[in-house]
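Enquirer: Mapped onto our numbering, the consecutive letters of the sequence shown carry residue numbers 409 to 1143.
Among the clues, some could well be false.
Okay, derived cross-link-like pairs now, EDC-like style, lysine to aspartate or glutamate, Cα gap no bigger than 16 Å in a straight line [unchecked claim]:
1. Lys1111 to Glu689
2. Lys1111 to Asp1094
3. Lys1111 to Asp686
4. Lys1111 to Asp694
5. Lys463 to Asp412
6. Lys1111 to Asp1127
Keep in mind that the hints were calculated from the coordinates and are not lab data. Note that the structure is predicted; figures quoted are calculated from it, not measured.
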Amino acid sequence: MDMDINLLQQLCAHYGIATDYHDLWGQHHPVQPQALLNLLAAFDPQLATDPSLPKALQRARSGSWEQPITPTVAIRNDYTHWGVRLRLPRHTQQLHWQLRGEDGEVVAQAGQDAHALGEISQTERQGVTWVERHLAIDRRLASGYYRLRVDTCSSECLVICAPQQCYRPRALQHGGRVWGPSIQLYALRSPQNWGMGDFGDLLVLIRQMAARGADIIGLNPLHALFMHNPAHASPYSPCSRQQLNVLYIDVPAVQEFADCAAARALVASAAFQQRLADLREPALVDYPGVARAKFEVLEILHTHFAARHLGEAPDAQGRAFLAFVARGGQALRRHALFEAIQAHLHAADPSLWGWPAWPPQWQDPAGERTEDFARTHAQRLQFHQYLQWQASIQLARAHETCTSLGMGVGLYLDLAVSVDRGGSDTWEHQNSFAVDASVGAPPDDFNLNGQGWGLPPLRPDRLRLHHYRIFIDTLRSNMRGAGALRIDHVMGLMRLFWIPPGGVPRDGAYVYYPLDEMMAIVALESQRSQCLVIGEDLGTVADNMREALARSDVLSYRLLYFERQRDGNFTPPAHYPPAALVAIGTHDLATLSGWWGAHDLQLRLQLGLQSDLQLLERQLLERLHDRTRLVMALHHAGLLAQDALTEAATGASPSTRTRIAIHAWVAAAPSAVMMVQLEDVLGLVDQVNLPSTVDEYPNWRRKLPLDLRQLAHDAAMADLVRTLATLRPRAAANG
């Protein structure tokens, strides 16, 4: 099919789709016209059946004029002059506007002569001349959300009045620097847990690390996964980013457990205790086994709770649950409804993996069939709401423990870039997601073919039209109980690499988002929740994005592996930026010992992720040079003796002395936060997650080799803690 490239480019510009991009090495990549057309169909589904570009462009432009007022505008709380765009029939003489705060109270209003407003453009529609005008408002506002309504317009504008910067805790002000462990919660071992780390283990770890001077505890995403499929273990492919993973519930810590004889008897039985022992022992988490054990007891506890505390006259505990349900609102109800329907349908047909595979009558969350199900299965919805309540209580307890122990930051939670296409978030917000497209990344050093993550992106046009409701709610949910929040792939606030349906990464293109509006929301929610924001800005990042992060005081990411000078030598820590989080690596990269021994390079060859033996030889040689460079840097810094060069040459696992020296090198940076992976402290070789693999590698399943008691007495851990406490001492102001 011949395409008018000029029309195609205009259509892409309208929706914010870039028609080309530059990769990590600066190579220019024009996006193929057919790939662009496939992406455009995510915004205009009619293109899938009628690929007429003139008609599509006309629909796009008409759609803009059908919005009588700018859907959203972002301003700062020091602005005294700002405005919005209106689209009015030319014959409109007078208008009246009204601005209301979040409490519904009018904060400003005025009448205007429409013809006195500045004219921007005009168009003819059905014989009527429409004019785009600028409504100027001279009013300084306090930080918050406002609704601007004009009497001639059928819709309203969300006004986001944001502070200039995100929140920064006192411990990080005036040059303060903190450190703490970064953990995969499921990986924690203890004699008490049921086969995976839980919120009870988290409390133990918090107390241990706070006593040693740590001010921050980093966690993997705690988002809800899929109860019908516990083996779907990736925390970065969640069912919902607004709800919690209920497998982290510490079952005996649930209040009802102490009062429920049936639950206690079941758990105390020899058979159940043997199940728990069998779940604790293996090196890998058996998620289905853990889920069966936990849900069996949690079902009993919910039944006990409903009978004792709900009913016609709920007691204090029952009222607390009902208040939680009310606060959770539609998002919690829809998630509970999704879980109940998915379990119901999956039991009859295991091939139904998520709502896109459900029969059509179930796919509308507000449809008659789903509402009938909700009424007839109210107890099942209540069960899932009860689980979220218990998870929320236990996470809040962990947050409160951090505060009571004087930790300068506390829990550092993680927000995934998107959700699984079959989960409750996409089911509830089908019109906000491009469900058939996928988020990914162009080629880079670690993924020469690019990446497709299989996660549907949010549509930027629908985000604005719906006043960012899902984005705001998601931020609030994740900042609740957090001292800091990591925004995975923070570039997504500016642009995301979309892969069209059925395409591969080379078919992808960048789609742009309203950066100023999204950053304003992040800053506002950060200040309201008193939550530090850290942006994962690894990979291909535009310069103006880094500038935007710096303006908003969002900490950037700096990893030892990537911080190099032009000659390949490691950047001295003194040159790291203060407004940053520093670490050796991340869950997606080789552990320190794995990197040192080039285990990651060999593994990629073994799994078929790389087949070029000559490339492998070059990479192994470069890794040898990197080890030598690092040891020399450590030696010159006075952290290692000259004899460590022998260790670098052999590629054997680094000694405890070397591992601590490398951590000390990073800790010396002026950067505000340092995170330490427990896998690096313990000298583990296998990394947590290997991108581009699913079943080939046990991603998100490996447990730590030591339990929490052993970890508290581990010599390497003790030596490292002493080093970090010296280099990054806790400020007295932290308490």
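Enquirer: All the hints need checking, so say for each whether the structure fits it.
Expert: Hint by hint, here is what the structure shows:
no.: 1; hint: Lys1111 to Glu689; verdict: 10 Å, holds
no.: 2; hint: Lys1111 to Asp1094; verdict: 11 Å, holds
no.: 3; hint: Lys1111 to Asp686; verdict: 14 Å, holds
no.: 4; hint: Lys1111 to Asp694; verdict: 10 Å, holds
no.: 5; hint: Lys463 to Asp412; verdict: 12 Å, holds
no.: 6; hint: Lys1111 to Asp1127; verdict: 22 Å, violated
Checked against the numbered hints above, the structure breaks only hint 6 and satisfies the rest.
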